[in-house]
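Asker: Here is what each chain is made of, one letter per residue.
Number of protein chains: 2
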Amino acid sequence: MTETRFADAQWFTEVATECGSAFSLEIRAKVHEQQTPFQKIEVWETKRWGYLMVIDGFVMLSSRDNFLYHEMMAHVPLFTHLDPRHVLIIGGGDCGTLREVLRHPQVETAWQVDIDEGVTRASEKFFPELCESNNDPRARLHFEDGIKWVKEGEAESVDVIIVDSTDPIGPAEGLFTEAFYRDCLKMLRPGGLLVQQSESPLLHMQILKEMHHAMRGAGYADVRTYQFPQPVYPSGWWSATMARKGRVIDSFREAEALAAPEKFGTKYYTADIHRAAFAMPAFFRREIG
Amino acid sequence: MTETRFADAQWFTEVATECGSAFSLEIRAKVHEQQTPFQKIEVWETKRWGYLMVIDGFVMLSSRDNFLYHEMMAHVPLFTHLDPRHVLIIGGGDCGTLREVLRHPQVETAWQVDIDEGVTRASEKFFPELCESNNDPRARLHFEDGIKWVKEGEAESVDVIIVDSTDPIGPAEGLFTEAFYRDCLKMLRPGGLLVQQSESPLLHMQILKEMHHAMRGAGYADVRTYQFPQPVYPSGWWSATMARKGRVIDSFREAEALAAPEKFGTKYYTADIHRAAFAMPAFFRREIG
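These protein sequence lines map, in sequence, to chains A and B. Everything in the first sequence is counted per this note's numbering, starting at 1 for the first residue and increasing by one. Everything in the second sequence is counted per this note's numbering, starting at 1 for the first residue and increasing by one.
Okay, chain A solo, but in the shape it has when bound (with noise of 0.2 Å):
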């Protein structure tokens, strides 16, 4: 919502009601709005964060701090597989995380597979930095729904699949069961990864606990955690979780990895926040182990 208060500054706020916080940045104006047939997206042009894109209320990313989100949702499993040649990004309509995949020379194909057109276009509009690399050969930009695409996927065909989407209420709610888990791993070859934005370690442990359960119900033969600061969601701080098909998630490709900031131009990403990102607090550790 926004309001004029605050020593008479115009602000947007989300409220995260069930969780007791709300969080604020000072706007300028509304830049556009949006009914489409899934969401109502709007976008703001804020006084220090950028733009400021929110899908049904919730915010989506800012220009400011969307780099952390990124290049953790793309680099640690693009760094963890040891040849990723082809990636499947689920949500990702904002095509930040396209963006950070398409840096990776091995890859050859990258899908990006959104159920909403309007969320890309309005990237395209408002985030172009992000939108970057959509005419690389190597990206196919399908708007479809990605819990049937998955459903219908050949088997063994891809390497990652980097899920990338909204919260797990509303349309969003498909993509964190065990039905869609065990789809992705079919459609993973030996080795593939699977992972997901899950939520604040803070406020939402019980949905980390469901989705590590039914990872492990689906199949996989290792399932971990990784956390990054997140300054626009709910308390700050964020997570992530990969799951790997047939074998554990130990090590990664470090020596490339080192070369990240100075190849890729990442802002956050190092080998050193990929080793460390693992990291758990000593609460997350005795609730999942």
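Hints are not guaranteed to be accurate.
Same chains, same names: a pair is fine if it fits in one copy or spans any two.
[To be verified] Under the rule of at most 25 Å between Cα atoms (straight-line distance), these lysine to aspartate or glutamate pairs were calculated in the DMTMM-like manner:
(1) Lys40 with Glu124
(2) Lys40 with Glu156
(3) Lys151 with Glu117
(4) Lys209 with Glu262
(5) Lys209 with Glu254
(6) Lys267 with Glu210
(7) Lys267 with Glu287
(8) Lys263 with Glu287
(9) Lys186 with Glu210
(10) Lys47 with Glu18
(11) Lys267 with Glu18
(12) Lys209 with Asp83
(13) Lys47 with Glu124
(14) Lys151 with Asp250
(15) Lys40 with Glu14
No wet-lab data here; the hints were simulated from the structure. Computed from a predicted model, the values in this text were never measured in an experiment.
Following the hints, put chain B in place on chain A, whose structure we already have.
Answerer: Just chain B now, kept in the frame of chain A:
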């Protein structure tokens, strides 16, 4: 400030004006308000974060997430030092850092020097769990000016100095100067450690750069920043900076740190978290090296 909005709930909001962001917690009632000779202390009962202490309008801590800050301010330096017997806390009036320091059996004396007794009295009332070690015979609570205390302090009398202060504006400004760091250096024994909260890596890189410069200028042999989540502070992403007298910061007592979750009951801190916290983002390394 407080307001009634967001579906008729009542909220406390801290506006980070220069950052163009704001953070709010849903509250039930104000339970304490006091103007001391130094500052205005307020305590709120929140709906989902326990109690919230606010000084001069700035969030200090909540019952729900203060463990992150207190564990990282205490255990990182105390497990880095080889034999931390004498510890000085500057600020820290809520006593949470003191409690964590006193979990270390080697500690013989822990001085807490906060200018404002009002903070400790309010904490005893609303955060009694943080004050449970205040009567430990090793604890020495002084309500005095920390800058003066360190200036007049005995040379080579302490092993670790923890500066647990408010932001570098207002009363705490003098705690972020080269002169103060030099007085701390004098009080430290060889190999001793100074650690200070150092704001948000996303929002306050200028302060971080100045701290590194001032600590090196004061004569410390090594200066290292580490990061951790702190949801109630702007951006939810916080840091501390540690400087060492006469030797580099290149290891910690890992075998003992491994036992911290079981022995000390830490909720966030583990040996893995300790090591991981020093992995800094690519942009940080570009600016501070």
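Asker: Now tell me if each hint is right for this structure.
Answerer: Status of the hints after comparison with the structure:
For a Cα distance limit of 25 Å, the shortest separation of Lys40 from Glu124 inside one copy, 17 Å, qualifies, whereas the shortest one across copies, 48 Å, does not. In this homomeric assembly, Lys40 and Glu156 never come within 25 Å of each other (Cα to Cα): the closest approach is 35 Å inside a single copy and 63 Å across copies. In the homo-oligomer, the alpha carbons of Lys151 and Glu117 lie at most 25 Å apart inside one protomer (21 Å), although the nearest pairing across protomers, at 63 Å, exceeds that limit. Taking the shortest Cα distances, Lys209 and Glu262 sit within 25 Å of each other only across copies (21 Å), while inside one copy they are farther apart (36 Å).
Taking the shortest Cα distances, Lys209 and Glu254 never come within 25 Å of each other, neither inside one copy (29 Å) nor across copies (28 Å). Only between protomers do Lys267 and Glu210 lie at most 25 Å apart by alpha-carbon distance; the minimum there is 21 Å, versus 32 Å within a single protomer. Proximity of Lys267 to Glu287 under the C-alpha cut-off of 25 Å is restricted to the inter-copy arrangement: shortest distance 11 Å between copies versus 32 Å within a copy. Proximity of Lys263 and Glu287 under a CA criterion of 25 Å is satisfied inter-copy only: 17 Å between copies versus 38 Å inside one chain copy.
In this homomeric assembly, Lys186 and Glu210 come within 25 Å of each other (Cα to Cα) only inside a single copy, at 21 Å, whereas the closest approach across copies is 53 Å. Taking the shortest alpha-carbon separations for Lys47 and Glu18, only the inter-copy value of 10 Å comes in at or below 25 Å, while the best intra-copy value is 28 Å. In this assembly of identical chains, the alpha carbons of Lys267 and Glu18 lie at most 25 Å apart only when taken from different copies (22 Å versus 32 Å within one copy). Taking the closest pair of Cα atoms, Lys209 and Asp83 never come within 25 Å of each other, the shortest separation being 30 Å inside a single copy and 39 Å across copies.
Proximity of Lys47 to Glu124 under the C-alpha cut-off of 25 Å is restricted to the intra-copy arrangement: shortest distance 20 Å within a copy versus 40 Å between copies. In this homomeric assembly, Lys151 and Asp250 never come within 25 Å of each other (Cα to Cα): the closest approach is 29 Å inside a single copy and 50 Å across copies. With identical chains, the CA atoms of Lys40 and Glu14 are at most 25 Å apart within one copy only, with a shortest distance of 15 Å there and 29 Å across copies.
In this structure, the earlier hints numbered 2, 5, 12 and 14 are contradicted, and the remaining ones agree with it.
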